[in-house]
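Peer 1: Residue numbers (the working numbering), protein chains in the order written: chain Z, 1 to 481; chain S, 1 to 481.
Since the hints were derived computationally from the structure, they do not count as laboratory data. Check each hint, because a few of them may be wrong.
Repeated chains share a single entry, so a pair holds when one copy, or any two copies, can fit it.
DSSO-like, lysine-lysine: derived pairs with alpha carbons at most 27 Å apart [as the list claims (entries may be wrong)]:
#1 Lys56 to Lys445
#2 Lys339 to Lys445
#3 Lys56 to Lys318
#4 Lys339 to Lys413
#5 Lys446 to Lys339
#6 Lys80 to Lys163
#7 Lys413 to Lys318
Since the structure is predicted, the reported quantities are computational estimates derived from the model, not experimental observations.
2 protein chains.
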Amino acid sequence: MGEIKTAALVGGGVIGAGWGARFLLNGIDVAVYDPDPELQRKFETVLANARRAWAKLFPAAELPREGSLRIASSLADAVKGADFVQESLPEREDLKRRIFAEIDGLLPPHVIIGSSTSGLLPSRLQSDMLHPERLVVGHPFNPVYLLPLVEICGGEKTAAEVKERAGAFYKSIGMQPLHVRKEIDGFIADRMLEAVWREALWMINDGIATTEEIDDAIRYGAGLRWSFMGTFLIYRLAGGEPGMRHFMSQFGPALKLPWTKLVAPELTDELTDTIVRQSDDQARGVSIRELERRRDDCLVAVMSALRDNDFASGATIKDYERSLVDESGVLTLHRATVKPDWIDYNGHMTEHRYLQVFGETTDALFQHIGADAAYLASGLMYYTVETHIRHLHEVTEGEALHATTQILAADDKRIHLFHAIYRSRDDQLLATAEQMQLHVDTNAKKAAPARADVLERVRKLAQAHSALPRPEGSGRSVGVR
Amino acid sequence: MGEIKTAALVGGGVIGAGWGARFLLNGIDVAVYDPDPELQRKFETVLANARRAWAKLFPAAELPREGSLRIASSLADAVKGADFVQESLPEREDLKRRIFAEIDGLLPPHVIIGSSTSGLLPSRLQSDMLHPERLVVGHPFNPVYLLPLVEICGGEKTAAEVKERAGAFYKSIGMQPLHVRKEIDGFIADRMLEAVWREALWMINDGIATTEEIDDAIRYGAGLRWSFMGTFLIYRLAGGEPGMRHFMSQFGPALKLPWTKLVAPELTDELTDTIVRQSDDQARGVSIRELERRRDDCLVAVMSALRDNDFASGATIKDYERSLVDESGVLTLHRATVKPDWIDYNGHMTEHRYLQVFGETTDALFQHIGADAAYLASGLMYYTVETHIRHLHEVTEGEALHATTQILAADDKRIHLFHAIYRSRDDQLLATAEQMQLHVDTNAKKAAPARADVLERVRKLAQAHSALPRPEGSGRSVGVR
Numbered sequence: 001m002g003e004i005k006t007a008a009l010v011g012g013g014v015i016g017a018g019w020g021a022r023f024l025l026n027g028i029d030v031a032v033y034d035p036d037p038e039l040q041r042k043f044e045t046v047l048a049n050a051r052r053a054w055a056k057l058f059p060a061a062e063l064p065r066e067g068s069l070r071i072a073s074s075l076a077d078a079v080k081g082a083d084f085v086q087e088s089l090p091e092r093e094d095l096k097r098r099i100f101a102e103i104d105g106l107l108p109p110h111v112i113i114g115s116s117t118s119g120l121l122p123s124r125l126q127s128d129m130l131h132p133e134r135l136v137v138g139h140p141f142n143p144v145y146l147l148p149l150v151e152i153c154g155g156e157k158t159a160a161e162v163k164e165r166a167g168a169f170y171k172s173i174g175m176q177p178l179h180v181r182k183e184i185d186g187f188i189a190d191r192m193l194e195a196v197w198r199e200a201l202w203m204i205n206d207g208i209a210t211t212e213e214i215d216d217a218i219r220y221g222a223g224l225r226w227s228f229m230g231t232f233l234i235y236r237l238a239g240g241e242p243g244m245r246h247f248m249s250q251f252g253p254a255l256k257l258p259w260t261k262l263v264a265p266e267l268t269d270e271l272t273d274t275i276v277r278q279s280d281d282q283a284r285g286v287s288i289r290e291l292e293r294r295r296d297d298c299l300v301a302v303m304s305a306l307r308d309n310d311f312a313s314g315a316t317i318k319d320y321e322r323s324l325v326d327e328s329g330v331l332t333l334h335r336a337t338v339k340p341d342w343i344d345y346n347g348h349m350t351e352h353r354y355l356q357v358f359g360e361t362t363d364a365l366f367q368h369i370g371a372d373a374a375y376l377a378s379g380l381m382y383y384t385v386e387t388h389i390r391h392l393h394e395v396t397e398g399e400a401l402h403a404t405t406q407i408l409a410a411d412d413k414r415i416h417l418f419h420a421i422y423r424s425r426d427d428q429l430l431a432t433a434e435q436m437q438l439h440v441d442t443n444a445k446k447a448a449p450a451r452a453d454v455l456e457r458v459r460k461l462a463q464a465h466s467a468l469p470r471p472e473g474s475g476r477s478v479g480v481r
Numbered sequence: 001m002g003e004i005k006t007a008a009l010v011g012g013g014v015i016g017a018g019w020g021a022r023f024l025l026n027g028i029d030v031a032v033y034d035p036d037p038e039l040q041r042k043f044e045t046v047l048a049n050a051r052r053a054w055a056k057l058f059p060a061a062e063l064p065r066e067g068s069l070r071i072a073s074s075l076a077d078a079v080k081g082a083d084f085v086q087e088s089l090p091e092r093e094d095l096k097r098r099i100f101a102e103i104d105g106l107l108p109p110h111v112i113i114g115s116s117t118s119g120l121l122p123s124r125l126q127s128d129m130l131h132p133e134r135l136v137v138g139h140p141f142n143p144v145y146l147l148p149l150v151e152i153c154g155g156e157k158t159a160a161e162v163k164e165r166a167g168a169f170y171k172s173i174g175m176q177p178l179h180v181r182k183e184i185d186g187f188i189a190d191r192m193l194e195a196v197w198r199e200a201l202w203m204i205n206d207g208i209a210t211t212e213e214i215d216d217a218i219r220y221g222a223g224l225r226w227s228f229m230g231t232f233l234i235y236r237l238a239g240g241e242p243g244m245r246h247f248m249s250q251f252g253p254a255l256k257l258p259w260t261k262l263v264a265p266e267l268t269d270e271l272t273d274t275i276v277r278q279s280d281d282q283a284r285g286v287s288i289r290e291l292e293r294r295r296d297d298c299l300v301a302v303m304s305a306l307r308d309n310d311f312a313s314g315a316t317i318k319d320y321e322r323s324l325v326d327e328s329g330v331l332t333l334h335r336a337t338v339k340p341d342w343i344d345y346n347g348h349m350t351e352h353r354y355l356q357v358f359g360e361t362t363d364a365l366f367q368h369i370g371a372d373a374a375y376l377a378s379g380l381m382y383y384t385v386e387t388h389i390r391h392l393h394e395v396t397e398g399e400a401l402h403a404t405t406q407i408l409a410a411d412d413k414r415i416h417l418f419h420a421i422y423r424s425r426d427d428q429l430l431a432t433a434e435q436m437q438l439h440v441d442t443n444a445k446k447a448a449p450a451r452a453d454v455l456e457r458v459r460k461l462a463q464a465h466s467a468l469p470r471p472e473g474s475g476r477s478v479g480v481r
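Based on the provided sequences and hints, a complete structural model is requested.
Peer 2: Structure representation (structure tokens):
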């Protein structure tokens with residue numbers, strides 16, 4: 001889709017503000033409308049959480065310059081000039097329908113309106129609109145600035161092209177779109193979440209377990225698996241070598257057992273009170289703010305761990321990080337700060353720390369081209385066979401550094417590259433390193449071509465960089481000139 | 001309970017072998033009975049996976065010496081001399097009842113029999129036993145050697161003391177026992193898992209989504225949260241500042257919406273075929289063996305990430321690792337191998353690498369006493385203010401090293417400690433380091449007492465170590481004697 005520069009948020013609660021944070025961190029300007037008098041404070045709190053989490057999740061990436069936030073005075077003020085609208089109002093069909101009809105009249109017809117509804121049907125939500133084809137569900141999960149999943153579901157009148165454009169947009173801001181092919185209440189994810197929730201409420205209602213015990217039953221067991229594999233793949237493995245059919249024959253009969261109530265209990269005042277009381281006990285006085293930070297820290301840690309495995313949401317993040325890099329010019333893939341123990345007796349950064357930073361820059365390049373830990377574990381890796389370093393300028397403790405990389409040449413086994421380390425404050429060039437990387441099969445212990453996907457990325461980079469001027473100082477040998 | 005030295009496994013499929021691996025890795029001898037002619041091969045495969053995963057999950061811990069595995073020729077042969085029995089047969093009540101009655105007659109009455117049943121009622125399972133009080137459900141989750149959760153549920157005749165002893169035993173082998181207070185079909189976890197599963201089967205049956213789409217709906221969204229927080233705590237946060245009551249009032253009405261099908265679909269041949277076909281597509285030809293490795297790598301990565309945050313299953317692992325350390329004597333908390341680039345031109349390990357290993361040993365001590373990354377993030381940490389090193393013996397590339405730590409003295413702000421590095425092959429002492437650690441408030445930038453829980457662990461260690469002889473070479477200063 002044409003680039004989204006400005007987005008309007010209708011509703012700025014936990015979900016709306018989560019969208020806002022994700023948009024802003026992607027460099028999109030945001031206007032938000034919500035009558036809550038505390039909107040600004042609450043929104044800024046979510047944004048602070050998101051900034052904190054992103055700094056941890058993307059320590060090395062060059063994120064876009066943050067977008068600007070504007071609190072709109074009305075619905076019309078919010079959507080004015082917007083390239084995209086995301087609605088996150090309470091789950092009331094009448095309310096959403098009324099607002100969609102109103103927004104519809106305020107915007108040119110090509111602007112997509114995404115709804116965060118957890119499970120209301122888009123065919124009904126779009127029924128009062130003049131341009132119903134632009135209404136699409138984009139259902140996210142809290143915290144929206146961290147969890148990748150967004151369910152995309154159109155109504156009867158939603159244009160196929162709108163679903164595609166919405167999916168591409170959400171993907172561009174680091175999400176994992178899941179296209180829901182049949183319109184159904186609760187879509188896919190919330191049908192399962194609701195099944196768990198309804199069963200859990202029955203257990204509280206019947207005094208089977210407390211909120212904490214029910215939570216523990218998930219987080220110490222199946223929840224750990226669900227962070228990277230869903231029910232079906234997990235059960236395929238539970239079937240052992242005979243696989244899925246064996247699992248179905250073994251556990252199929254249990255479907256007849258009274259293992260679920262599935263109907264939700266009546267949400268009486270008494271049940272609500274019990275849940276609130278048990279939930280308070282469970283939180284042990286820890287504030288929502290602090291719990292949010294712990295949640296975010298754990299999410300960042302889990303997704304970073306999965307990124308190292310290039311699996312599930314970890315692969316999503318990796319692809320996103322890769323998309324942030326402008327491959328047409330020299331790459332900036334690594335940043336560092338001069339640490340106290342990097343300083344020698346002269347007060348300058350010690351010689352070998354430059355090679356350390358160059359080494360980390362090479363590692364960042366390998367990550368970028370997909371030659372990661374899993375790649376190494378598969379018996380393939382690049383090795384540095386030659387390095388030529390030039391020390392050009394001193395740097396002192398606490399200075400921020402960034403390193404750039406230019407691919408000078410590449411073939412199926414070699415990468416000839418040129419790194420440069422700069423002091424970030426003033427872009428002062430500090431040192432350069434020209435290297436030859438040789439690709440090896442670590443089991444056979446000899447040079448071998450890189451894997452096709454890695455090679456493809458290397459070739460694309462080398463091709464793009466072949467248009468760049470040769471860096472000053474490349475191709476030199478040591479000697480008196 | 002009296003220590004468990006020998007355990008009998010009745011049933012050695014995916015779950016039984018998973019128990020076996022966990023027992024063996026905890027130094028427990030195992031006898032297994034299962035009529036499967038391929039038992040040994042399948043069991044060894046699970047054990048190999050478990051060894052691989054534990055090496056990654058506990059890279060520094062001194063694990064017990066692995067127990068011995070014996071394939072029993074009969075049920076009687078398996079349970080002979082066992083201190084504990086774990087049954088993991090197919091989910092058929094008649095079969096389990098018959099076997100329990102048989103085992104019951106073969107064992108002294110104090111030996112606990114744990115059942116891995118996913119949801120059959122212990123009151124029924126124990127009904128043909130002479131000593132029903134010793135039968136308790138210990139329901140684990142696959143892979144048993146990695147996932148901490150074990151649900152403990154007694155029947156009407158199960159002794160309270162048996163439930164306690166079983167819980168203590170499972171905890172001692174690194175698990176997280178969850179006591180199920182009311183006997184109910186499916187206990188707690190499987191009621192929720194079954195709710196998800198039944199709803200998911202409906203979606204396949206009705207062509208709403210494929211197995212892969214359903215899995216994606218979990219693993220890119222709620223599954224990430226569920227790896228460390230359960231539904232109730234997560235929803236408390238979704239309620240934002242107004243908390244749980246607000247969430248209930250906001251999402252309570254959705255309980256009336258048709259978001260779940262309520263019952264399981266008929267498991268027809270056609271539905272089974274569809275699931276098997278979609279599951280095959282989803283696996284993309286990757287073998288069960290390879291998928292198991294990916295699952296285990298991800299689980300290890302996720303749990304290690306949570307350990308760094310000292311949260312949920314990460315805290316369970318941390319406590320387990322701590323329990324492995326014998327605190328009465330000198331601690332062995334760190335191991336390393338002399339790497340090629342640690343070697344100087346003489347072919348020996350370079351001087352400053354000793355200090356590196358000592359530094360890593362100090363870090364391991366900090367981990368052990370709970371002064372971890374989260375502790376540092378909270379603005380508290382120990383700093384090394386003084387170190388005295390003695391270089392006693394050379395070591396060459398590839399040698400395995402281990403380091404010991406003795407606490408010489410401690411107060412609320414200081415730890416006076418003595419490390420020693422040994423060549424593991426022959427326990428040759430290579431170097432010692434005596435250090436003074438000062439506890440600081442990193443924000444106030446001054447010395448401050450350690451946090452109560454850390455201090456408690458330090459005091460316990462210092463107290464235990466005060467009974468040890470003063471290490472040779474401690475208390476020295478540099479000089480000609």
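Peer 1: As a check of your reading, is Lys413 near Lys318 (CA-CA no more than 27 Å) within one copy, between copies, both or neither?
Peer 2: Within one copy only: 24 Å inside a chain, 43 Å across chains, cut-off 27 Å.
Peer 1: State whether the alpha carbon distance between Lys56 and Lys445 is at most 27 Å within one copy, between copies, both, or neither.
Peer 2: between (36 Å within a copy, 24 Å between copies)
Peer 1: Are the CA atoms of Lys339 and Lys445 at most 27 Å apart within a copy, between copies, both, or neither?
Peer 2: between (36 Å within a copy, 18 Å between copies)
Peer 1: Go through the copies and call it for Lys446 and Lys339: within, between, both or neither, with a Cα cutoff of 27 Å.
Peer 2: between (37 Å within a copy, 20 Å between copies)
Peer 1: Which holds for Lys339 with Lys413 at a C-alpha limit of 27 Å: within a copy, between copies, both or neither?
Peer 2: between (35 Å within a copy, 26 Å between copies)
Peer 1: State whether the alpha carbon distance between Lys80 and Lys163 is at most 27 Å within one copy, between copies, both, or neither.
Peer 2: Within one copy only: 22 Å inside, 65 Å across.
Peer 1: Reference check for the pair Lys56 and Lys318, CA-CA at most 27 Å: within, between, both, or neither?
Peer 2: both (14 Å within a copy, 23 Å between copies)
Going through the hint list in order, the structure satisfies each hint without exception.
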